[in-house]
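Participant: Each chain, written out:
There are 2 protein chains.
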Amino acid sequence: MGVINAEKSEFNEDQAACCQISVRRREPGLEEDEEWLILCSTQFLTGYYWALFDGHGGPEAAIIASNYLHYCIKQKLEEVVGAVTEASPPMHLSGRCVCDSDPQFVEEKHIRAEDLVVGALENAFQECDEVIGQEMEATNQTGGCTALAALYFQGKLYVANAGDSRAILVLKDSVVPMSCEFTPETERQRIQHLAFLFPSLLDGEFTRFEFPRRLKGDDVGQKVLYRDYFMEGWGYKTVEKADLKYPLVHGHGKQARLLGTLAVSRGLGDHQLKVIDTNIEVKPFLSCIPKVNVFDFTLHDIKEDDVLIMATDGLWDVLCNKEVAHMVRSFLAENRTDPHRFSELAKCLVCRARGKKRDHQWMLDDGHEASYDDISVFVIPLHNRGED
Amino acid sequence: MGVINAEKSEFNEDQAACCQISVRRREPGLEEDEEWLILCSTQFLTGYYWALFDGHGGPEAAIIASNYLHYCIKQKLEEVVGAVTEASPPMHLSGRCVCDSDPQFVEEKHIRAEDLVVGALENAFQECDEVIGQEMEATNQTGGCTALAALYFQGKLYVANAGDSRAILVLKDSVVPMSCEFTPETERQRIQHLAFLFPSLLDGEFTRFEFPRRLKGDDVGQKVLYRDYFMEGWGYKTVEKADLKYPLVHGHGKQARLLGTLAVSRGLGDHQLKVIDTNIEVKPFLSCIPKVNVFDFTLHDIKEDDVLIMATDGLWDVLCNKEVAHMVRSFLAENRTDPHRFSELAKCLVCRARGKKRDHQWMLDDGHEASYDDISVFVIPLHNRGED
Chain S
1 MGVINAEKSE
11 FNEDQAACCQ
21 ISVRRREPGL
31 EEDEEWLILC
41 STQFLTGYYW
51 ALFDGHGGPE
61 AAIIASNYLH
71 YCIKQKLEEV
81 VGAVTEASPP
91 MHLSGRCVCD
101 SDPQFVEEKH
111 IRAEDLVVGA
121 LENAFQECDE
131 VIGQEMEATN
141 QTGGCTALAA
151 LYFQGKLYVA
161 NAGDSRAILV
171 LKDSVVPMSC
181 EFTPETERQR
191 IQHLAFLFPS
201 LLDGEFTRFE
211 FPRRLKGDDV
221 GQKVLYRDYF
231 MEGWGYKTVE
241 KADLKYPLVH
251 GHGKQARLLG
261 TLAVSRGLGD
271 HQLKVIDTNI
281 EVKPFLSCIP
291 KVNVFDFTLH
301 DIKEDDVLIM
311 ATDGLWDVLC
321 NKEVAHMVRS
331 FLAENRTDPH
341 RFSELAKCLV
351 CRARGKKRDH
361 QWMLDDGHEA
371 SYDDISVFVI
381 PLHNRGED
Chain A
1 MGVINAEKSE
11 FNEDQAACCQ
21 ISVRRREPGL
31 EEDEEWLILC
41 STQFLTGYYW
51 ALFDGHGGPE
61 AAIIASNYLH
71 YCIKQKLEEV
81 VGAVTEASPP
91 MHLSGRCVCD
101 SDPQFVEEKH
111 IRAEDLVVGA
121 LENAFQECDE
131 VIGQEMEATN
141 QTGGCTALAA
151 LYFQGKLYVA
161 NAGDSRAILV
171 LKDSVVPMSC
181 EFTPETERQR
191 IQHLAFLFPS
201 LLDGEFTRFE
211 FPRRLKGDDV
221 GQKVLYRDYF
231 MEGWGYKTVE
241 KADLKYPLVH
251 GHGKQARLLG
261 TLAVSRGLGD
271 HQLKVIDTNI
281 EVKPFLSCIP
291 KVNVFDFTLH
301 DIKEDDVLIM
311 ATDGLWDVLC
321 NKEVAHMVRS
331 FLAENRTDPH
341 RFSELAKCLV
351 CRARGKKRDH
361 QWMLDDGHEA
371 SYDDISVFVI
381 PLHNRGED
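So the protein lines, in turn, are chains S and A. Residue numbering for the first sequence follows the UniProt record's numbering, starting at 1 and increasing by one per position. Residue numbering for the second sequence follows the UniProt record's numbering, starting at 1 and increasing by one per position.
Since the hints were derived computationally from the structure, they do not count as laboratory data. Fair warning: there could be bad hints in the mix.
Copies of the same chain look alike in the list, so a pair counts if it works inside one copy or between any two.
Claimed, not checked - Lysine-lysine pairs mimicking BS3-like chemistry, simulated, CA-CA at most 27 Å apart:
no., residue 1, residue 2
1, 254, 172
2, 245, 356
3, 245, 223
4, 109, 223
5, 274, 74
6, 291, 109
7, 241, 347
8, 254, 109
9, 303, 223
10, 237, 109
11, 216, 347
12, 357, 223
13, 291, 156
14, 274, 241
15, 223, 156
16, 74, 223
17, 109, 356
18, 303, 245
19, 172, 283
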């Protein structure tokens with residue numbers, strides 16, 4: 001893998017992190033079976049890690065996450081490293097079958113080495129969320145952050161996402177989305193279902209039903225469009241007084257909010273977050289678990305200008321995948337020899353999304369309003385010039 | 001639409017239903033505004049309905065479902081019919097805006113008429129489940145069933161599925177899956193999550209963790225492969241005594257079971273079902289909500305031999321989509337003039353999956369074991385020969 005570049009605008013709740021992750025691995029068997037401790041050879045499996053954290057309610061959670069998540073990942077990978085180089089991981093980590101049918105069951109379940117890396121990432125996010133909870137409590141700080149982490153390990157790229165940042169692969173002939181966004185809108189059914197199971201979480205202040213707009217007194221007794229937790233479609237319900245409460249998930253697009261408070265439904269931190277002027281906790285509705293997508297480099301012929309783009313929502317609010325891919329390809333084609341071209345491309349993407357100040361407004365080149373949010377971008381070249 | 005054909009083998013917990021569903025519709029406004037009741041014209045919107053129900057623990061739930069589900073759908077469609085012919089359904093069913101911004105919010109949320117039909121189907125399944133619960137309790141009967149329902153309404157095909165039956169469209173140049181299966185394996189995370197939230201549902205008899213095989217005393221203290229509710233990947237956990245309990249979701253493929261009891265995770269009925277020799281109820285882990293897929297006929301040029309195939313798992317256990325599509329196309333090409341060719345094709349598909357008796361075994365033509373389960377198949381021609 002190659003150069004790493006991050007650029008951000010002057011507004012500041014975003015944090016970036018990148019590093020090498022080396023996982024210690026002992027040659028199995030030697031140590032115990034032969035008691036020749038001196039012969040026990042130590043090897044390292046080395047991976048590469050990049051991550052973006054978009055903070056809210058202050059930058060603290062994002063800072064802690066940028067300092068700890070890679071360590072949690074390293075730790076969780078170390079717990080499974082004895083099995084991660086096998087085509088089929090063994091039922092027992094020691095590699096010794098207790099039962100003759102073990103390999104058969106592992107094969108039946110299609111468990112592969114990459115599933116251990118996915119599991120390690122899922123567990124690492126959960127661990128990191130606990131660390132943030134402790135650190136914030138100890139220092140009496142509040143806030144949370146989204147987390148988007150990429151790990152290149154054993155020939156595969158793993159992208160783990162909890163929040164509304166996004167990663168895409170821009171390849172010569174295609175664009176491959178490597179993440180999806182988790183917002184109150186995309187996770188409406190999960191959130192409403194939790195409120196259905198535990199109504200006390202809403203403390204009588206919110207309604208779990210979704211309506212196209214906030215209801216008013218005039219609507220009582222009328223039949224209006226609504227959705228409950230089990231519905232992908234819409235129905236009509238006769239409005240009761242209780243339906244006039246503020247909706248659990250409300251608003252559309254960038255305006256959508258969970259409990260009127262948060263614009264994301266997954267991320268790290270927010271352990272102390274309450275809905276303003278109430279005792280209602282937001283954390284039970286949040287998830288710190290990432291969705292992990294895997295891209296196998298050994299199955300693809302990676303070209304020199306192929307890159308992974310990771311960016312916070314500040315970029316994607318104003319530029320779509322297609323626009324970003326177009327900018328990436330034309331910039332790299334026009335700047336073949338610049339040794340800093342990947343850094344320059346990251347800067348260029350940030351500048352495009354930030355726009356230019358005209359009168360008192362920031363505007364894009366095409367006349368649309370520019371992004372007012374924090375903007376962070378990684379441009380990660382994928383082509384391997386003989387290095388590992 | 002056209003002919004309907006169902007065929008089943010001699011084993012018998014499957015039920016089929018099909019009928020026309022006409023929804024009464026009044027011309028809006030006239031009745032109330034002008035009080036000329038005599039001028040109020042009644043129109044009907046007519047749809048067509050087919051459904052398959054695969055019973056377990058006896059055929060009773062499947063029989064009730066086949067008698068009631070179409071009625072529940074008719075009722076739920078009638079509740080929204082005033083809005084279902086509009087391109088954007090109105091915020092208020094009466095069509096009168098309480099608030100100027102109503103149409104804007106409906107448009108922002110992308111609410112379309114088809115979302116009302118999807119919502120009606122979701123609500124109808126839930127209603128039908130309640131009816132089955134009452135009927136079974138009243139007559140002291142037990143059991144449940146899967147439900148796969150297709151509705152052709154206003155130029156679109158809606159397929160609602162709760163269980164492990166399947167529907168596919170076999171078109172001239174493509175095969176379009178119209179449903180996905182809900183089994184303890186495909187819904188593992190939802191089921192494990194519920195057990196995490198409400199551990200008492202397992203009454204200390206089951207473990208919510210998934211392992212590649214049932215653990216034994218020898219495994220205690222060792223690190224074995226496992227998954228929890230938040231994991232798509234796998235990890236290793238040190239086995240404790242509690243992990244030796246029977247797993248909440250156990251087995252693979254057709255052997256997968258929920259609470260050691262059920263092979264499906266969605267369906268109707270089973271209100272009284274308990275795990276054998278315990279007080280543990282299965283119903284809390286089941287969902288009666290269907291996933292609805294929509295196919296818009298107005299966007300496709302439907303050919304004469306294009307059909308919808310609906311079948312219970314007895315067919316799909318031994319034949320894949322591709323094999324079924326191949327049989328459909330070659331059978332219809334070879335039988336152009338037979339007026340009963342769609343019925344004959346349904347019979348042919350059932351016979352192929354049932355196989356032939358050789359010695360004491362039922363075998364497929366290709367030497368594999370045939371289906372021992374009930375087999376029901378609908379072949380529904382889609383081509384409109386000038387009829388509506």
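Participant: Hint by hint, say whether it matches the structure.
Facilitator: Taking the hints in turn, this is what the structure says about them:
1. 254 <-> 172: Close neither inside one copy (31 Å) nor across copies (42 Å); limit 27 Å.
2. 245 <-> 356: Neither way: residue 245 and residue 356 sit 41 Å apart in one copy and 63 Å across, limit 27 Å.
3. 245 <-> 223: within (16 Å within a copy, 50 Å between copies)
4. 109 <-> 223: between (49 Å within a copy, 18 Å between copies)
5. 274 <-> 74: This pair counts as neither: shortest intra-copy Cα distance 32 Å, inter-copy 44 Å.
6. 291 <-> 109: Result: close both inside a copy and across copies, 20 Å intra and 25 Å inter.
7. 241 <-> 347: Classified as neither; 52 Å inside a copy, 56 Å across copies.
8. 254 <-> 109: Classified as between; 12 Å across copies, 40 Å inside a copy.
9. 303 <-> 223: The answer is neither: 57 Å in one copy and 41 Å across copies each exceed 27 Å.
10. 237 <-> 109: Between copies only: 17 Å across chains, 44 Å inside a chain, cut-off 27 Å.
11. 216 <-> 347: Neither, since 47 Å and 58 Å both go past 27 Å.
12. 357 <-> 223: This pair counts as neither: shortest intra-copy Cα distance 47 Å, inter-copy 59 Å.
13. 291 <-> 156: Within one copy only: 16 Å inside a chain, 33 Å across chains, cut-off 27 Å.
14. 274 <-> 241: within (25 Å within a copy, 39 Å between copies)
15. 223 <-> 156: between (52 Å within a copy, 25 Å between copies)
16. 74 <-> 223: between (55 Å within a copy, 19 Å between copies)
17. 109 <-> 356: neither (54 Å within a copy, 31 Å between copies)
18. 303 <-> 245: neither (55 Å within a copy, 51 Å between copies)
19. 172 <-> 283: neither (42 Å within a copy, 51 Å between copies)
Violated hints, in rising order: 1, 2, 5, 7, 9, 11, 12, 17, 18 and 19; the structure is consistent with all others.
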